[in-house]
Each structure stands twice: as structure tokens, then as C-alpha cells.
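Taking the hints into account, I'd like the entire structure generated from these sequences.
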Amino acid sequence: MIHITRKEHFNAAHKMYRDEWSAEKNAEVFGKCANPNWHGHNYNLFVTVKGEVTHATGYLIDLKELKIIINDYVIQKLDHKNINLDVEFMKGKMASTELLCIEIFNQLKAPIEAYEGVFLHSVRLHETENNSAEYFGD
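Here the sequence shown stands for residues 1 to 138, where the numbers follow the UniProt record's numbering.
Honestly, the hints are just simulated from the structure, not real lab data.
A hint or two may mislead.
[To be verified] Now the in silico label distances, taken between C-beta atoms and shown as ranges: (1) F46 <-> M1: 39 to 49 Å; (2) F119 <-> W21: 33 to 43 Å; (3) E116 <-> V29: 37 to 47 Å; (4) A23 <-> G117: 45 to 55 Å; (5) E28 <-> Y115: 20 to 30 Å; (6) W21 <-> G117: 30 to 40 Å; (7) E28 <-> T5: 36 to 46 Å; (8) T128 <-> A56: 23 to 33 Å; (9) S22 <-> E98: 50 to 60 Å.
[Unchecked claim] When the alpha-carbon atoms are kept at most 20 Å apart in a straight line, the in silico SDA-like pairs for lysine to any residue are as follows: (10) K15 <-> E88; (11) K15 <-> L85; (12) K109 <-> A133.
Note that the Cβ used here is the ideal one computed from N, Cα and C, for glycine as well.
Shown next, in the form of C-alpha cells:
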């Protein structure tokens with residue numbers, strides 16, 4: 001079994017807050033991430049797929065195809081958007097890196113696995129150089 005990873009990039013804004021909490025409680029729990037005027041990140045997304053190499057092509061999956069899937073199902077929906085307001089698959093969810101990572105996995109699983117013998121292994125999302133989340137679909 002081989003694992004192959006594609007890296008993509010997007011920029012997006014978000015705010016961490018709970019409507020039922022006061023501004024003070026949100027600031028206490030989420031700090032600067034609760035800024036009422038939002039804040040943004042330059043996200044790096046790593047999508048790893050796994051399976052067996054097809055000997056006719058030498059590929060698990062054509063990386064151009066993987067790029068198109070990631071772009072169509074994730075990047076176009078997130079890039080230069082407000083995660084809290086503009087991203088349908090994040091409606092009603094906290095816009096944390098952890099939950100965003102899980103939802104990106106959910107967006108990619110079916111279109112990637114429509115390719116015979118290709119399985120989505122993991123999604124790793126870097127919010128900053130120092131902070132990331134990784135989800136394996138468990």
C-alpha cells in the first residue's frame with residue numbers, strides 16, 4: 001500500500017464565539033480568536049490518499065485529478081471566505097481548526113473514493129506554522 005499527499009492552500013477568516021455567551025465569556029475562553037471583527041489565516045491543507053499503484057500508469061491516482069477534486073470540493077468553497085458566514089458545510093458549527101479539518105475530510109471522502117482502489121487516508125490542516133489538526137475519519 002502506498003500513501004500519497006497533495007498540498008493545497010487557502011485563506012479564510014473566522015471567529016470563535018458562542019452566541020449564548022456574553023462578549024466577556026467569549027473573550028475569556030477564546031481570547032483574540034473571539035475578535036468581533038473576525039481574523040484570518042493562511043491555511044495549508046494536506047490530503048493523503050492510499051491504495052495500490054496501478055502498474056499500467058505507475059500511479060495510485062493522477063495528482064491532477066486529486067488537485068481538481070480538492071479544488072472543487074474544498075478550496076473554491078473556503079478560499080477568501082468567512083468560514084462562519086459563507087461556507088455551507090460549516091453552517092451551525094464552531095469554526096475551529098479541528099472541526100474544519102473533519103468537515104473537509106467529509107467533503108473529500110466520496111469524490112476521492114469514487115476512484116477504484118483509492119481511499120482517503122487523512123486530512124491535515126495547518127492553521128498556522130505551529131498549529132495543525134489531522135483527521136483519519138475515525
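Here is what the structure says about each hint:
no. : hint                     : result
1   : F46 <-> M1: 39 to 49 Å   : violated, 18 Å
2   : F119 <-> W21: 33 to 43 Å : holds, 40 Å
3   : E116 <-> V29: 37 to 47 Å : holds, 46 Å
4   : A23 <-> G117: 45 to 55 Å : holds, 51 Å
5   : E28 <-> Y115: 20 to 30 Å : violated, 47 Å
6   : W21 <-> G117: 30 to 40 Å : violated, 47 Å
7   : E28 <-> T5: 36 to 46 Å   : holds, 38 Å
8   : T128 <-> A56: 23 to 33 Å : violated, 41 Å
9   : S22 <-> E98: 50 to 60 Å  : violated, 24 Å
10  : K15 <-> E88              : holds, 16 Å
11  : K15 <-> L85              : holds, 10 Å
12  : K109 <-> A133            : holds, 17 Å
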